[in-house]
Amino acid sequence: MAHANAPYLGKDLLGLEELSREQIGAILDTAEAFKEISNRPIKKVPVLRGKTIVNAFFENSTRTRVSFEFAQKRLSADTVNISSTGSSVAKGETLVDTARNLEAMNIDMVVIRHGASGSARFLAERIASNVVNAGDGKHEHPTQGLLDLLTIRDHRGPLQGLRVCICGDVLHSRVARSNIHGLRTMGAEVGVCGPLTLLPRDVQTLGVTVFRRIEEAIEWADVLNVLRLQLERMKGGFIPSLREYNRVFGVTRERVERAPRDILILHPGPMNRGVEIDSDVADGPHSVILQQVTNGVAVRMAVLYLLAGGVPDHAEAAKTGGES
Amino acid sequence: MAHANAPYLGKDLLGLEELSREQIGAILDTAEAFKEISNRPIKKVPVLRGKTIVNAFFENSTRTRVSFEFAQKRLSADTVNISSTGSSVAKGETLVDTARNLEAMNIDMVVIRHGASGSARFLAERIASNVVNAGDGKHEHPTQGLLDLLTIRDHRGPLQGLRVCICGDVLHSRVARSNIHGLRTMGAEVGVCGPLTLLPRDVQTLGVTVFRRIEEAIEWADVLNVLRLQLERMKGGFIPSLREYNRVFGVTRERVERAPRDILILHPGPMNRGVEIDSDVADGPHSVILQQVTNGVAVRMAVLYLLAGGVPDHAEAAKTGGES
Amino acid sequence: MAHANAPYLGKDLLGLEELSREQIGAILDTAEAFKEISNRPIKKVPVLRGKTIVNAFFENSTRTRVSFEFAQKRLSADTVNISSTGSSVAKGETLVDTARNLEAMNIDMVVIRHGASGSARFLAERIASNVVNAGDGKHEHPTQGLLDLLTIRDHRGPLQGLRVCICGDVLHSRVARSNIHGLRTMGAEVGVCGPLTLLPRDVQTLGVTVFRRIEEAIEWADVLNVLRLQLERMKGGFIPSLREYNRVFGVTRERVERAPRDILILHPGPMNRGVEIDSDVADGPHSVILQQVTNGVAVRMAVLYLLAGGVPDHAEAAKTGGES
Numbered sequence: 000m001a002h003a004n005a006p007y008l009g010k011d012l013l014g015l016e017e018l019s020r021e022q023i024g025a026i027l028d029t030a031e032a033f034k035e036i037s038n039r040p041i042k043k044v045p046v047l048r049g050k051t052i053v054n055a056f057f058e059n060s061t062r063t064r065v066s067f068e069f070a071q072k073r074l075s076a077d078t079v080n081i082s083s084t085g086s087s088v089a090k091g092e093t094l095v096d097t098a099r100n101l102e103a104m105n106i107d108m109v110v111i112r113h114g115a116s117g118s119a120r121f122l123a124e125r126i127a128s129n130v131v132n133a134g135d136g137k138h139e140h141p142t143q144g145l146l147d148l149l150t151i152r153d154h155r156g157p158l159q160g161l162r163v164c165i166c167g168d169v170l171h172s173r174v175a176r177s178n179i180h181g182l183r184t185m186g187a188e189v190g191v192c193g194p195l196t197l198l199p200r201d202v203q204t205l206g207v208t209v210f211r212r213i214e215e216a217i218e219w220a221d222v223l224n225v226l227r228l229q230l231e232r233m234k235g236g237f238i239p240s241l242r243e244y245n246r247v248f249g250v251t252r253e254r255v256e257r258a259p260r261d262i263l264i265l266h267p268g269p270m271n272r273g274v275e276i277d278s279d280v281a282d283g284p285h286s287v288i289l290q291q292v293t294n295g296v297a298v299r300m301a302v303l304y305l306l307a308g309g310v311p312d313h314a315e316a317a318k319t320g321g322e323s
Numbered sequence: 000m001a002h003a004n005a006p007y008l009g010k011d012l013l014g015l016e017e018l019s020r021e022q023i024g025a026i027l028d029t030a031e032a033f034k035e036i037s038n039r040p041i042k043k044v045p046v047l048r049g050k051t052i053v054n055a056f057f058e059n060s061t062r063t064r065v066s067f068e069f070a071q072k073r074l075s076a077d078t079v080n081i082s083s084t085g086s087s088v089a090k091g092e093t094l095v096d097t098a099r100n101l102e103a104m105n106i107d108m109v110v111i112r113h114g115a116s117g118s119a120r121f122l123a124e125r126i127a128s129n130v131v132n133a134g135d136g137k138h139e140h141p142t143q144g145l146l147d148l149l150t151i152r153d154h155r156g157p158l159q160g161l162r163v164c165i166c167g168d169v170l171h172s173r174v175a176r177s178n179i180h181g182l183r184t185m186g187a188e189v190g191v192c193g194p195l196t197l198l199p200r201d202v203q204t205l206g207v208t209v210f211r212r213i214e215e216a217i218e219w220a221d222v223l224n225v226l227r228l229q230l231e232r233m234k235g236g237f238i239p240s241l242r243e244y245n246r247v248f249g250v251t252r253e254r255v256e257r258a259p260r261d262i263l264i265l266h267p268g269p270m271n272r273g274v275e276i277d278s279d280v281a282d283g284p285h286s287v288i289l290q291q292v293t294n295g296v297a298v299r300m301a302v303l304y305l306l307a308g309g310v311p312d313h314a315e316a317a318k319t320g321g322e323s
Numbered sequence: 000m001a002h003a004n005a006p007y008l009g010k011d012l013l014g015l016e017e018l019s020r021e022q023i024g025a026i027l028d029t030a031e032a033f034k035e036i037s038n039r040p041i042k043k044v045p046v047l048r049g050k051t052i053v054n055a056f057f058e059n060s061t062r063t064r065v066s067f068e069f070a071q072k073r074l075s076a077d078t079v080n081i082s083s084t085g086s087s088v089a090k091g092e093t094l095v096d097t098a099r100n101l102e103a104m105n106i107d108m109v110v111i112r113h114g115a116s117g118s119a120r121f122l123a124e125r126i127a128s129n130v131v132n133a134g135d136g137k138h139e140h141p142t143q144g145l146l147d148l149l150t151i152r153d154h155r156g157p158l159q160g161l162r163v164c165i166c167g168d169v170l171h172s173r174v175a176r177s178n179i180h181g182l183r184t185m186g187a188e189v190g191v192c193g194p195l196t197l198l199p200r201d202v203q204t205l206g207v208t209v210f211r212r213i214e215e216a217i218e219w220a221d222v223l224n225v226l227r228l229q230l231e232r233m234k235g236g237f238i239p240s241l242r243e244y245n246r247v248f249g250v251t252r253e254r255v256e257r258a259p260r261d262i263l264i265l266h267p268g269p270m271n272r273g274v275e276i277d278s279d280v281a282d283g284p285h286s287v288i289l290q291q292v293t294n295g296v297a298v299r300m301a302v303l304y305l306l307a308g309g310v311p312d313h314a315e316a317a318k319t320g321g322e323s
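Residue numbers (numbering that gives the first Met the number 0), protein chains in the order written: chain A, 0 to 323; chain B, 0 to 323; chain C, 0 to 323.
No wet-lab data here; the hints were simulated from the structure.
A portion of the hints provided could be inaccurate.
Label-pair distances were calculated between CB atoms; the ranges are [unchecked claim]: (1) A/PRO157 <-> C/HIS313: 54 to 60 Å; (2) B/THR93 <-> C/ARG252: 56 to 62 Å; (3) B/ALA115 <-> C/SER19: 24 to 30 Å; (4) A/GLU315 <-> C/GLY9: 51 to 57 Å; (5) B/ALA316 <-> C/HIS313: 55 to 61 Å; (6) C/ARG252 <-> A/ASP312: 25 to 31 Å; (7) B/GLU256 <-> C/THR319: 39 to 45 Å; (8) A/GLU315 <-> C/THR319: 30 to 36 Å; (9) B/ASN38 <-> C/GLY236: 52 to 58 Å; (10) C/ARG246 <-> A/GLU21: 37 to 43 Å; (11) C/ILE41 <-> A/ASP312: 19 to 25 Å.
Lysine-lysine pairs mimicking BS3-like chemistry, simulated, CA-CA at most 25 Å apart [said to hold, decoys possible]: (12) C/LYS43 <-> A/LYS43; (13) A/LYS318 <-> C/LYS43; (14) C/LYS43 <-> C/LYS234; (15) C/LYS137 <-> C/LYS234; (16) A/LYS43 <-> B/LYS318; (17) B/LYS43 <-> C/LYS234; (18) B/LYS318 <-> A/LYS72; (19) A/LYS43 <-> B/LYS10; (20) A/LYS137 <-> A/LYS10; (21) B/LYS43 <-> C/LYS137; (22) B/LYS137 <-> B/LYS10; (23) A/LYS10 <-> C/LYS43; (24) B/LYS10 <-> B/LYS234; (25) B/LYS43 <-> A/LYS43; (26) A/LYS34 <-> A/LYS10.
Beta carbons are placed, not taken as given, at the ideal position from N, Cα and C, and that holds for glycine.
All chains should be built: construct the whole structure from the sequences, respecting the hints.
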């Protein structure tokens, strides 16, 4: 079962750019079926029992790592974590050597987060184990994109024709890129809004509408996906100050209340409250930020299940332990 | 079962100050029943199978974290560790956001250690998951207090009327506070002994007897609980030197041998041998320091079991796997 | 079963120097039987279910720690990791106190890596739990030695009479010492080759042949075990430059092609490609470097199984879950 091409996804999940509408739909449907496991008194099914997974996080992350770990444990996999601190990578070993060594230990899957764009693909091409990209540089963060799509679908139904605006530091954001690819593939209209210094120069080639003013974005959109502002951008000269950023681009209650329709607010976290988003909005009635986190576990369970050769139609049976 | 108020403890264990004599007694009795599990060839019962627990240690600790982890694994829970290094907290996220995110992943329990007094309560009031305080600033460290009580009870029987003196840096010690509350609730007489600079100014309002000389404390007490001297206190000007501290307040063999009765010596560890306690005493016949560690696992198993809705009278049945 | 002297190994595995030919043979045979588990779809047998193991890595290591962790998880043990960062050791606690505390938590085994030669023995003499040395200073790294032996035996049959040359920084290498002891006990002829500054002064008392030129070593040997060059040696003045080291002692394709027989190339990793070994050789037909990694998991499973009281002849039965 392991190390084989999954019938629905291929060997790896590297980005949403490569996935078809059917593939994304299959992941979301499977995640929908898996949600219920995390609400059981006993949150555990034997789907990945005896599978060995390495979570290789060469960049810090609590939220994504913990989400993957619980997804793995709820599927009964055996997991080991490695981080950059203390790893052989710190001893100057190449990523390929690290990967080949893990594979030689008969690892079934590697979940990798790494600062270099393309590192997940680089790895995937060199080992037979399934590779899941948990964020590679500025490239993609596909499970984040998928959980955003699932959360929007939960609240607004089919994504076709929905208007979703991604706000903030699109230039440096792998979350933005995964959202843009996933949303467009599913038929949504995508906008971006942020200071020119934080939008990619070629942003229009991505097939998105560009908004210069947050008020216009809010008037246009059914959904806002508000990106985290990396505070170090200020030092880099991309924005004049945090206060100024909040004044011009902050998603505030006042602005949200002027929206012409019942707008949905997402944020991938961790939030800078009072910078890109105000607490009133983050904790308000339009926010689905915590449901994104809940959906994150379900989406990651679905991806791991499908990569291990699971079949979407069998997800219900797998949950009862009928398939292991 | 999870997220409900435990019939015996309420939703959380935040401190011993809030617990009644019956509640503390129930925890100690349950711990007594659970001790035996750690002596089996197969140290595992299915009491918390499929429960998900996060150990969030924002301050370093090996001993407490490992003790909780083994308690959790022996009860078959799925656990994930997060530490301050590499966590979203390091990215500037608030503790509330971290907590809400964990909860959104359908976590059953959070074990938290944090440098700020009151942080465990702050968390507990904001999430529905059970919260166990594993040490919050200078406030409380309730499972340490409970394991101290259990160890004293193991050796001296009922705590009612026993004289227990807490020696050393009472001012900065959450262990001291948990001991004082727990011991007094159980009817013990409590003394404290240390340099005036390391005793709280309002110490007498806590209902304890103050000893200025270690010799007097030893003459009075049935039990000494010797606190770790934080070596950084010397730099803070609280004590003149380590050597001087040992000379005046050190629990030495010579002093212990002059005790009028068979005194019992506890220390929460890690020990500064030759400072607050001499090796002769730490490893001598009066010391029950290693039994404290053994009892720590049993006490933590009991607390997790009771918070998950377990009933003390059923602890014996739970151990055989008859209840999961 | 636990804490008892294993009939085949004694209580601990501290080094290969102490093991007899029969003992090493028993470990290798057991590892051979366990290899197959890691190729199953469900890589898990209940051999160590309910056993608790601490991996105490006071020096950084990804590869060895991950290998031990997967070995433990594939045998169904419960494991907890501690590292120097954040441990009580960082608070000034002695290694003995740390060890006694772990033991007091009813730990069955401790796997220790530590910078001080002799630390594993020091620990083993003070606690009843089984101790496995995962590398102690410049002394020994016995599971690495065993996996090297297993890999050579897999490819060249019985070790008796084989010529194995260890190349590089023999002076500082615990891998070299474990190899020399293990290989000589099994009847192999052992050579060493490296700059005089990186060979122990008393190297000849170890019963090995010394080669000053890598070309001579290659002409003599059936097997080369190429050690990692610690890059900090250059700063220490042990070698003039990395380029010069590669020029004189590097295992290059050109040199390997001149070997008079089908030479086998091992390296314990992580490799400095282009320094002690060229990529052509590391990834070439003579290299068994990745098989070493694969064998590492099997060897560690075997060691843990035997220390827990397992019997080599029963290893096959244990694999089917017939013995737990």
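Status of each hint after checking the structure:
{"no.": "1", "hint": "A/PRO157 <-> C/HIS313: 54 to 60 Å", "in the structure": "59 Å, holds"}
{"no.": "2", "hint": "B/THR93 <-> C/ARG252: 56 to 62 Å", "in the structure": "57 Å, holds"}
{"no.": "3", "hint": "B/ALA115 <-> C/SER19: 24 to 30 Å", "in the structure": "57 Å, violated"}
{"no.": "4", "hint": "A/GLU315 <-> C/GLY9: 51 to 57 Å", "in the structure": "52 Å, holds"}
{"no.": "5", "hint": "B/ALA316 <-> C/HIS313: 55 to 61 Å", "in the structure": "34 Å, violated"}
{"no.": "6", "hint": "C/ARG252 <-> A/ASP312: 25 to 31 Å", "in the structure": "52 Å, violated"}
{"no.": "7", "hint": "B/GLU256 <-> C/THR319: 39 to 45 Å", "in the structure": "59 Å, violated"}
{"no.": "8", "hint": "A/GLU315 <-> C/THR319: 30 to 36 Å", "in the structure": "31 Å, holds"}
{"no.": "9", "hint": "B/ASN38 <-> C/GLY236: 52 to 58 Å", "in the structure": "54 Å, holds"}
{"no.": "10", "hint": "C/ARG246 <-> A/GLU21: 37 to 43 Å", "in the structure": "57 Å, violated"}
{"no.": "11", "hint": "C/ILE41 <-> A/ASP312: 19 to 25 Å", "in the structure": "23 Å, holds"}
{"no.": "12", "hint": "C/LYS43 <-> A/LYS43", "in the structure": "17 Å, holds"}
{"no.": "13", "hint": "A/LYS318 <-> C/LYS43", "in the structure": "21 Å, holds"}
{"no.": "14", "hint": "C/LYS43 <-> C/LYS234", "in the structure": "45 Å, violated"}
{"no.": "15", "hint": "C/LYS137 <-> C/LYS234", "in the structure": "19 Å, holds"}
{"no.": "16", "hint": "A/LYS43 <-> B/LYS318", "in the structure": "21 Å, holds"}
{"no.": "17", "hint": "B/LYS43 <-> C/LYS234", "in the structure": "51 Å, violated"}
{"no.": "18", "hint": "B/LYS318 <-> A/LYS72", "in the structure": "23 Å, holds"}
{"no.": "19", "hint": "A/LYS43 <-> B/LYS10", "in the structure": "23 Å, holds"}
{"no.": "20", "hint": "A/LYS137 <-> A/LYS10", "in the structure": "22 Å, holds"}
{"no.": "21", "hint": "B/LYS43 <-> C/LYS137", "in the structure": "38 Å, violated"}
{"no.": "22", "hint": "B/LYS137 <-> B/LYS10", "in the structure": "22 Å, holds"}
{"no.": "23", "hint": "A/LYS10 <-> C/LYS43", "in the structure": "23 Å, holds"}
{"no.": "24", "hint": "B/LYS10 <-> B/LYS234", "in the structure": "40 Å, violated"}
{"no.": "25", "hint": "B/LYS43 <-> A/LYS43", "in the structure": "17 Å, holds"}
{"no.": "26", "hint": "A/LYS34 <-> A/LYS10", "in the structure": "24 Å, holds"}
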